[in-house]
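> With chain C held as given, fit chain V onto it using these hints.
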Amino acid sequence: MSEEITPDQEVYDRLLAEGKSERIARAKAKAAAVRASKIAEGATLGPKSSEEAQKALESARAAAGGGGVATKTAAPAESAGAQGGGRLPPEERAARVAASLGNGGKQPASMGVPTSSTHTHRLLALVPPAGIQQVQSKQMDKVYTWPHLLLVEFVALLAAGSLLLIASFFLDAPLGSLANPQEVPAINKAPWYFMGLQELLAYLHPMVAGVSLPGVFVVLLMAAPYVDKNPSAKPENRKLANMAFTFFLAFWGLLVVIGSFLRGAGYAWAWPWVQGLGFTL
Amino acid sequence: MPKLPTFDDVKGNVQDNVIWKSIFRPGSIYRKGYRDTSRDRALASMNNVLYHLHPVKVKRHGLKLTYTYCLGGLSFFMFILLTITGIFLMFFYTPAAGAGTEIAYLNMREISASITFGQLVRNLHRWGAHAMVFTVFLHMARVFYHGAYKPPREFNWVVGVILLLLTLFLSFTGYLLPWDQLALWAVTVGTNMAGFTPVFGDQVQFVLLGGVEIGPETLLRWYVLHVLFIPFITVIFLAVHFWRIRKDGGISGPL
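In the order they appear, the protein sequences are chains C and V.
So the mapping is simple: our numbering equals the position in the first sequence, first residue as 1, plus 1110.
So the mapping is simple: our numbering equals the position in the second sequence, first residue as 1, plus 14.
In case anyone wonders, no lab produced these hints; they're calculated from the structure.
You may find that some hints are simply not true.
A few chain C residues facing chain V, derived, Cβ under 7 Å [what the hints assert, rightly or not]:
#1 Lys1130
#2 Lys1252
#3 Leu1267
#4 Leu1268
#5 Ser1278
#6 Pro1295
#7 Ala1296
#8 Pro1301
#9 Leu1387
#10 Thr1390
Over 12 Å on every C-beta distance to chain V, these chain C residues come out as not near it, computed from the model [as the list claims (entries may be wrong)]:
#11 Glu1162
#12 Ser1169
#13 Ala1283
#14 Leu1391
A virtual CB, placed ideally from N, CA and C, is assigned to each residue, including glycine.
Next up, chain C with everything else stripped away, as it sits in the complex (with noise of 0.2 Å):
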């Protein structure tokens, strides 16, 4: 991991008393103390401005030999119809580069292009404004997915799992007698998500309460995101929604609570504590 990095108090002091934004004096301040400690271990740095920068790369023509092309740096343009393709001659490529890395003509090994190669790779390209694609999404603090979010996740399953694990160790699946359509048990009840429905059907028609109603449901649920145009997703924003849906998950949430626990045989009303629990998972 990279050491922490303790910005240049001064500078940065300096930059929010011109008034620069409290995050770009933060940045200059970084790169400062960085820079500091770059010339504290004699590494040599590259041009600071751009007087610099023309002092350098004409010394650095000089050094190449090539001084016959006289470019600006601000204007390789001019150079580019000249030289054909756009591109810059191999002696040229390297003054420039050699002038960049600040280390006066000479070429480090690690730079890897001779002077004397013909072959030049166009390392900038043109982009007409309209090729620019405009993203417009603000700076998010975001982490490496590996090792923070998949630890979590990986530590969420194995707690699952393993609760998973030791339920199914002590509680053992229901399995009844074998089925006969013949004998219709005393106590018949749907599974514990159905409920809701077969509470329902007590006391409206079967077509209301098993099909159209959940239909309605189903669509209305799926319909939420068209028809809540609140932009806000803050609780105190939408509390409409979240009262509606709350109302919701409670009217169901009762519905199957009384279905599974608080009707017995021939699903009529039973307390649990009168007449046992009918209700099975």
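Only chain V this time, still in chain C's reference frame:
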């Protein structure tokens, strides 16, 4: 006596091997030379078929357990767990019923009584199924209360509602398979309701039951729906669901 290789020597040699390097792509934490740098952290999720469900970076607030409670992930985990335990159970189960050929119910008895780990796996499958219905419900509630279905995530909410219905249908078709009294009559209640569908009631019930009442045909039909058809549809919708999370800009929030 020759010097024994240390653990690190062996590890280094194994990881430097052509086969090992062909299996673990660059950036894998199992590959030699993994360093805890930004580049390798990015590669770790990019170069792995499972992890690249996730983007390389995620919003920091999403790491907080109390934001998502991992409910979507746990629903998916339950789905995987149910697939694995379900395949195990399929080895020992035949969807055949009817007078004189009550094989399905006999198989259930055998799974509980004489098959190694049979009861445990069946328990895992049953409780896992209930847990999945529950986590999917909670996931939906969490998403609603965070307003996470708002643009651009409207369609993914719709996909989610479809997945909820598929989960219910998966669970409900599985409910019949033990072919005991509990299963038969719970399913009777459910399919009678479907019979009250306006206009097409009888047809809907006939298609669901494979006949006019629950019988061996229903068992076979629901078995195929349960182990093949609905999981297949569910996987397609899951793929769309996960893909849309990323296309819609990752998880919602912060609030």
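> So, for every hint listed, does it hold in this structure?
Here is what the structure says about each hint:
no.	hint	result
1	Lys1130	26 Å, violated
2	Lys1252	4 Å, holds
3	Leu1267	5 Å, holds
4	Leu1268	10 Å, violated
5	Ser1278	4 Å, holds
6	Pro1295	6 Å, holds
7	Ala1296	10 Å, violated
8	Pro1301	5 Å, holds
9	Leu1387	14 Å, violated
10	Thr1390	6 Å, holds
11	Glu1162	31 Å, holds
12	Ser1169	36 Å, holds
13	Ala1283	4 Å, violated
14	Leu1391	6 Å, violated
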